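Protein chains in written order, with my numbering: chain A, 172 to 315; chain B, 7 to 228.
Source of the hints: derived by calculation from the structure; they are not laboratory data.
These numbers were taken from a predicted model, which means no experiment stands behind them.
Among the clues, some could well be false.
Said to hold, decoys possible - With a Cα cut of at most 25 Å, we get these calculated PhoX-like pairs of lysine-lysine: (1) A:LYS260 with B:LYS61; (2) B:LYS13 with A:LYS251; (3) B:LYS61 with A:LYS173; (4) A:LYS173 with A:LYS298; (5) B:LYS227 with B:LYS208; (6) A:LYS251 with B:LYS46; (7) A:LYS298 with A:LYS260; (8) A:LYS260 with A:LYS201; (9) A:LYS253 with B:LYS46; (10) A:LYS260 with B:LYS46; (11) A:LYS298 with B:LYS61; (12) B:LYS46 with B:LYS88; (13) B:LYS13 with A:LYS253; (14) B:LYS148 with B:LYS208; (15) B:LYS34 with B:LYS88; (16) B:LYS34 with A:LYS251.
Claimed, not checked - If you only want the chain A side, here are some residues facing chain B, beta carbon under 8 Å, derived: (17) ILE220; (18) ARG224; (19) VAL226; (20) ARG265; (21) ILE266; (22) ILE268; (23) PRO304.
Claimed, not checked - Residues from chain A that keep clear of chain B, each with C-beta distances beyond 12 Å, as calculated: (24) LYS173; (25) GLN185; (26) ALA203; (27) ASN205; (28) LEU239; (29) HIS244; (30) GLY267; (31) PRO284; (32) ARG285; (33) ARG306.
Just so it is clear, CB atoms sit at the ideal spot from N, CA and C, and this is done for glycine as well.
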Amino acid sequence: MKEFEPKIIAFCCQYCAYAAADLAGSMRLKYAPNIRIVLVPCTGRIDVIHILRAVENGADGVLVAGCLEGGCHFVEGNFKAKNRVRYVKNLLGRIGIEEERVEMFNLSSAEGPRFAEIANEMTERIKTLGPSPLRRENSTEENI
Amino acid sequence: MIIAEMKPIEEILDMIRSYQRILIVGCKGCVAVCSTGGPKEVSVLGSLLRIARKKEGRDIVIDEESLDRQCEPEFVDLAGDKVADADAVLSLACGAGVQMFAERFQDKVVLPGCNTTFLGVTEELGVWSERCAGCGNCILDKTAGLCPIARCSKQLLNGPCGGSMNGKCEISKDVDCVWQLIIDRLTRLNRLEMLEEIFPVKDWSPAGHGGPRKMVREDLKT
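Given these sequences and hints, build the entire structure.
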């Protein structure tokens, strides 16, 4: 049987995680190819609905990657994102979707290796959890 | 404004269990300001319900709409076409809005998505607290602009009671004693002598104890 390859949406802040992903590429670092990056101007731009829509449309996992705490270009966007991620985790948990499918990470633009690590860590986590319950119901359907 | 909070998602899922197509209707009035039933919350709830139903393997079609106000028939009627297509309407308005919907669409199932909680203010983003009990006979002129009906746990008119300690109410250290606040404010205003006036027994009939309330302005009626 073909091994399950998760689809993970990564909302990456342009000032840190996106630049770190760029750096990971420049450094020729190898990391799990399961990450689909969505560039955002700040993680504070990410709303609850963006994360829910990703899950609704079949993402097996969603990660939000923002600046280190205290290092947000817009001062507190990453703290807003942290609260929203926590809120979404709670909502999903209550309808029976594993909270671990959504996670917030913090890193700086200089941390290319850390980005690769996060991508691998999240991919492993989702592989352990298995496909999203939404995709399990329609396993032949490619939703993304 | 009227403050409401979203019902637990489990309760909403249970309410819509037998329906295949629902219309979620938000209100851009009070419930939008308290981040409970505005357009954004309609989208979030819609997405959440679709996820939950998809997970159960029972897809659901959800239409979304947000009206300027759900407490006025002119606005509610605008949703007519979408209401016609739905098996049931899930309203995120306050109780008044839900009932206006039910009145205007007599043969449609209308469900409440929120619990209407109180009349209050925004203390800060994400924090709302009660200020008015709608008692129908305002006494704020006599209590330094702070309402003991809404904010005293015992609704005392001649407080404080013996449970007031260090400015807090005995029910919780997080609840201010409003009579302490009234005294502090009257002191600042140099009007402490106002407390010498004793409030008589309150007439609760305008507070709804005399039956459902209604206001009629003959000059505005058509």
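Hints, one by one, checked against the model:
The hinted pair formed by LYS260 of chain A and LYS61 of chain B meets the criterion: a straight-line CA distance of about 16 Å does not exceed 25 Å. For the proposed pair LYS13 of chain B and LYS251 of chain A, the alpha carbon gap of about 23 Å is at most 25 Å, so the pair holds. Between LYS61 of chain B and LYS173 of chain A the alpha-carbon distance is near 23 Å, which keeps this suggested pair within the 25 Å criterion. A C-alpha spacing of about 13 Å is found between LYS173 of chain A and LYS298 of chain A, which places the hinted pair at or below 25 Å, so the restraint holds.
Simply put, LYS227 of chain B and LYS208 of chain B have alpha-carbon atoms about 32 Å apart, too far for the 25 Å limit, and the pair is violated. Under the criterion of a C-alpha separation no larger than 25 Å, the hint pairing LYS251 of chain A with LYS46 of chain B is consistent with the structure, at around 16 Å. Pair hint LYS298 of chain A plus LYS260 of chain A holds up; C-alpha atoms about 18 Å apart against a cutoff of 25 Å. Using a Cα cut-off of 25 Å, the hinted pair LYS260 of chain A and LYS201 of chain A is violated, with the two alpha carbons roughly 29 Å apart.
Straight-line distance between C-alpha atoms of LYS253 of chain A and LYS46 of chain B comes to about 19 Å, which keeps the hinted pair within the 25 Å bound. Under the criterion of a C-alpha separation no larger than 25 Å, the hint pairing LYS260 of chain A with LYS46 of chain B is consistent with the structure, at around 18 Å. Between LYS298 of chain A and LYS61 of chain B the CA atoms are separated by roughly 18 Å; this keeps the pair inside 25 Å, and the hint holds. Only pairs whose Cα atoms come within 25 Å are accepted, and LYS46 of chain B paired with LYS88 of chain B is accepted, the gap being roughly 18 Å.
Of the pairs offered as hints, the one joining LYS13 of chain B and LYS253 of chain A holds, with about 23 Å between alpha carbons and a cut-off of 25 Å not exceeded. At most 25 Å may separate the alpha-carbon atoms for a hinted pair to count; LYS148 of chain B and LYS208 of chain B meet this at roughly 14 Å. A distance of roughly 17 Å separates the Cα atoms of LYS34 of chain B and LYS88 of chain B; the hinted pair therefore holds under the 25 Å criterion. About 23 Å separates the Cα atoms of LYS34 of chain B and LYS251 of chain A, which keeps this hinted pair within 25 Å; it holds.
Annotation: interface hint on ILE220 of chain A holds; nearest CB of chain B at approximately 5 Å, less than 8 Å. Interface restraint check for ARG224 of chain A: the shortest CB-CB distance to chain B comes to about 6 Å, inside 8 Å, so the restraint holds. Taking 8 Å as the C-beta contact cut-off toward chain B, the hint placing VAL226 of chain A at the interface holds, the least distance being around 6 Å. Evaluation of the ARG265 of chain A hint against chain B yields a held restraint, the C-beta minimum of about 5 Å falling below 8 Å.
Contact between ILE266 of chain A and chain B, as hinted, is supported at the beta carbon level, the nearest pair being about 4 Å apart and thus within 8 Å. Hint on ILE268 of chain A holds. Least Cβ distance to chain B is approximately 7 Å, under the 8 Å limit. About 5 Å separates the beta-carbon of PRO304 of chain A from the nearest beta-carbon of chain B, less than 8 Å, and the hint is met. Distance check on LYS173 of chain A: its Cβ is at least 23 Å (rounded) from any Cβ of chain B, clearing the 12 Å threshold; non-interface status holds.
No Cβ of chain B comes within 12 Å of the Cβ of GLN185 of chain A; the nearest lies about 24 Å off, and the non-interface call holds. With a least beta-carbon separation of about 25 Å from chain B, ALA203 of chain A lies farther than 12 Å from that chain, consistent with its non-interface assignment. With a cut of 12 Å on Cβ distances, ASN205 of chain A stays outside the contact zone with chain B, its closest approach being about 21 Å. Annotated as non-interface, LEU239 of chain A keeps its C-beta farther than 12 Å from every C-beta of chain B; the closest such distance is 24 Å.
Distance check on HIS244 of chain A: its Cβ is at least 21 Å (rounded) from any Cβ of chain B, clearing the 12 Å threshold; non-interface status holds. Not every CB of chain B lies more than 12 Å from the CB of GLY267 of chain A, the least distance being 6 Å, so the non-interface label is violated. A cut-off of 12 Å between C-beta atoms confirms that PRO284 of chain A is not in contact with chain B; the least separation is 34 Å. The claim that ARG285 of chain A is not at the interface with chain B holds, since no C-beta of that chain comes within 12 Å of its own (minimum 31 Å).
ARG306 of chain A, annotated as away from the interface, has a beta carbon of chain B within 12 Å; the closest lies near 9 Å.
Comparing the model with each numbered hint stated earlier shows that hints 5, 8, 30, 33 do not hold.
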